[in-house]
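Protein chains in written order, with numbering that gives the first Met the number 0: chain G, 0 to 214; chain Y, 0 to 214.
Just so you know, not all the hints are guaranteed correct.
Pairs involving identical chains hold if they fit within one copy or between any two copies, as the list cannot separate such chains.
As the list claims (entries may be wrong) - No more than 25 Å apart at the CA atoms, straight line, and that leaves these computed lysine to any residue pairs for SDA-like:
| no. | residue 1 | residue 2 |
| --- | --- | --- |
| 1 | 20 | 192 |
| 2 | 130 | 97 |
| 3 | 47 | 9 |
| 4 | 140 | 164 |
| 5 | 208 | 142 |
| 6 | 20 | 190 |
| 7 | 76 | 143 |
| 8 | 47 | 171 |
| 9 | 76 | 183 |
| 10 | 76 | 134 |
| 11 | 208 | 24 |
| 12 | 208 | 83 |
| 13 | 130 | 100 |
| 14 | 140 | 53 |
| 15 | 47 | 149 |
| 16 | 76 | 168 |
| 17 | 76 | 122 |
| 18 | 20 | 186 |
| 19 | 76 | 208 |
| 20 | 208 | 61 |
| 21 | 208 | 9 |
| 22 | 208 | 164 |
| 23 | 140 | 66 |
| 24 | 130 | 5 |
| 25 | 76 | 37 |
| 26 | 168 | 21 |
| 27 | 47 | 129 |
| 28 | 76 | 66 |
| 29 | 208 | 19 |
| 30 | 208 | 111 |
Just so you know, the hints here were simulated from the structure itself, not pulled from any lab data.
Below, each chain spelled out in residue letters.
Protein chains: 2
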Amino acid sequence: MNHVPEPAKERLLYLLRLLEKNRDEGSGLVTSAMVEELTGWHRDTIRKDISWLGNGGEAAGTPGGYNPQFLIPAIRKALGLDRVRRFCVVGLGRLGSAYLDRPFAPGPGGMEEFELAAGFDTNVNRVEILKSSVPLYPAYKMGEVISRFGIEMALLCVPAAAARDAAGKLAAAGIRGIINFAPAALALPPDIAVRNVYLADELRALAVKLFPSGC
Amino acid sequence: MNHVPEPAKERLLYLLRLLEKNRDEGSGLVTSAMVEELTGWHRDTIRKDISWLGNGGEAAGTPGGYNPQFLIPAIRKALGLDRVRRFCVVGLGRLGSAYLDRPFAPGPGGMEEFELAAGFDTNVNRVEILKSSVPLYPAYKMGEVISRFGIEMALLCVPAAAARDAAGKLAAAGIRGIINFAPAALALPPDIAVRNVYLADELRALAVKLFPSGC
């Protein structure tokens, strides 16, 4: 299989969510025209994206549209979402500890793709006192635990002032990607992927849904 | 100004973030070809979206591309993001209280568009004990406070079992949109906008960045 370009990956991920939602709502085939209508991507672009999937994508196409039953696993495979990946939470204050025991909102795809394997905090007292079904460790054990459990991703939930230092330690420990909830820009080697989560983006996306413009 | 269709709104919002990021990084004009390259939307679609902005969009266009200095405020105006909107946090457990005093990660657009105006919890003790620069109230005062402060949006941070009930109370109190962090589907009248925030979606988007497919 060829290397899928970044913009195609993003569109395929969006398409995956759409297909899963459709499936959960019991709808049938999905056509590239439907996707164009919903997203504004040209149907030729969508067809090209699906062609990256190789045989799995082709098998999903019928004259009436794509069959989610085949297209969903084909996209998951092409995007590397077809096996469980482990992640950890770093910083067990209010935000970080909130992620420890909440049953995750699974989303249309479910949470079977990810497993929370560890929590870390520099405060050893906190690590000992917090009750959690997830094993918790003092931050100095990051390297050992991340390597032992094969943890690939981290939710960074430390205060802004501690974010760069914690991210640097995660990088040294071999982490491959970080979801950054801290209001601070990270400086990391280019081979470590970062997603900054901004509350303002969520609020904006909601505000836009709420308020018809021109009013 | 005409009513902007939903898919065009979503694309304009994405374009807004792109323009703000470009501006912050000191880059210059943005062309529809650049946007097509980054997003896969056909350049004619992008031009059509910008035409919804009316004069503000046209004024931003030059032979060399769109000028972010004009296009950014035109998009903000068309999407209703040109005034401060108030929001509240409902449920002051670990997750909800984490939002109370954190300096928000501003995102490329800054947080000047939103103001956290109140926090609510059914537990009166918690409301009294928590220290916060944001005023906190027992949940039974929701209707009064939301109306008095003109609060339009809510972050719903209650446990799953309490989510539907709390959302119903917010609806009765006149809230217009909810960001749902609870792992539960809400049942609300169609005029109330809901955004479900799924950790799985964030993890997926990171995983896709991390792992080149075909490896």
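Taking the hints in turn, this is what the structure says about them:
1. For a Cα distance limit of 25 Å, the shortest separation of residue 20 from residue 192 across copies, 18 Å, qualifies, whereas the shortest one inside one copy, 27 Å, does not.
2. Taking the closest pair of Cα atoms, residue 130 and residue 97 come within 25 Å of each other both inside a single copy (12 Å) and across two copies (18 Å).
3. In this homomeric assembly, residue 47 and residue 9 come within 25 Å of each other (Cα to Cα) both inside a single copy, at 13 Å, and across copies, at 22 Å.
4. Proximity of residue 140 to residue 164 under the C-alpha cut-off of 25 Å is restricted to the intra-copy arrangement: shortest distance 15 Å within a copy versus 42 Å between copies.
5. For a Cα distance limit of 25 Å, the shortest separation of residue 208 from residue 142 across copies, 22 Å, qualifies, whereas the shortest one inside one copy, 43 Å, does not.
6. When the C-alpha separation of residue 20 and residue 190 is checked against a cutoff of 25 Å, the pair qualifies only between copies, where the shortest distance is 21 Å, while the shortest distance within a copy is 32 Å.
7. With identical chains, the CA atoms of residue 76 and residue 143 are never at most 25 Å apart, being 30 Å at best within one copy and 51 Å at best between copies.
8. Taking the shortest Cα distances, residue 47 and residue 171 never come within 25 Å of each other, neither inside one copy (38 Å) nor across copies (47 Å).
9. In this homomeric assembly, residue 76 and residue 183 never come within 25 Å of each other (Cα to Cα): the closest approach is 33 Å inside a single copy and 28 Å across copies.
10. In this assembly of identical chains, the alpha carbons of residue 76 and residue 134 never lie at most 25 Å apart, being 30 Å within a copy and 48 Å across copies at closest.
11. Taking the shortest alpha-carbon separations for residue 208 and residue 24, only the intra-copy value of 22 Å comes in at or below 25 Å, while the best inter-copy value is 28 Å.
12. Taking the closest pair of Cα atoms, residue 208 and residue 83 come within 25 Å of each other only across two copies (16 Å); inside a single copy the shortest separation is 34 Å, beyond that limit.
13. Taking the closest pair of Cα atoms, residue 130 and residue 100 come within 25 Å of each other both inside a single copy (9 Å) and across two copies (24 Å).
14. For the homomeric pair residue 140 and residue 53, neither the shortest alpha-carbon distance inside one copy (42 Å) nor that between copies (57 Å) is at most 25 Å.
15. With identical chains, the CA atoms of residue 47 and residue 149 are never at most 25 Å apart, being 34 Å at best within one copy and 47 Å at best between copies.
16. Taking the closest pair of Cα atoms, residue 76 and residue 168 never come within 25 Å of each other, the shortest separation being 31 Å inside a single copy and 42 Å across copies.
17. Taking the shortest Cα distances, residue 76 and residue 122 never come within 25 Å of each other, neither inside one copy (39 Å) nor across copies (46 Å).
18. In this homomeric assembly, residue 20 and residue 186 come within 25 Å of each other (Cα to Cα) only across copies, at 17 Å, whereas the closest approach inside a single copy is 36 Å.
19. Taking the shortest alpha-carbon separations for residue 76 and residue 208, only the inter-copy value of 14 Å comes in at or below 25 Å, while the best intra-copy value is 32 Å.
20. Taking identical chains as interchangeable, the C-alpha atoms of residue 208 and residue 61 are never at most 25 Å apart, the minima being 34 Å within one chain and 30 Å between chains.
21. Taking the closest pair of Cα atoms, residue 208 and residue 9 come within 25 Å of each other both inside a single copy (22 Å) and across two copies (9 Å).
22. Taking the closest pair of Cα atoms, residue 208 and residue 164 come within 25 Å of each other only across two copies (23 Å); inside a single copy the shortest separation is 37 Å, beyond that limit.
23. Taking the shortest Cα distances, residue 140 and residue 66 never come within 25 Å of each other, neither inside one copy (46 Å) nor across copies (50 Å).
24. Taking the shortest Cα distances, residue 130 and residue 5 never come within 25 Å of each other, neither inside one copy (40 Å) nor across copies (44 Å).
25. Taking CA atoms no more than 25 Å apart as the test, residue 76 paired with residue 37 passes in both settings, with 24 Å inside one copy and 23 Å between copies.
26. Proximity of residue 168 to residue 21 under the C-alpha cut-off of 25 Å is found in neither arrangement, the shortest distances being 41 Å within a copy and 30 Å between copies.
27. In this assembly of identical chains, residue 47 and residue 129 lie within 25 Å of each other by CA distance neither inside one copy nor across copies; the values are 49 Å within and 54 Å between.
28. Within a single copy, residue 76 and residue 66 get their C-alpha atoms as close as 16 Å, which meets the 25 Å cut-off; across copies the closest is 40 Å, which misses it.
29. In this homomeric assembly, residue 208 and residue 19 come within 25 Å of each other (Cα to Cα) both inside a single copy, at 22 Å, and across copies, at 20 Å.
30. In the homo-oligomer, the alpha carbons of residue 208 and residue 111 lie at most 25 Å apart only across protomers (19 Å), although the nearest pairing inside one protomer, at 30 Å, exceeds that limit.
This entry does not satisfy hints 7, 8, 9, 10, 14, 15, 16, 17, 20, 23, 24, 26, 27, going by the numbered hints stated previously.
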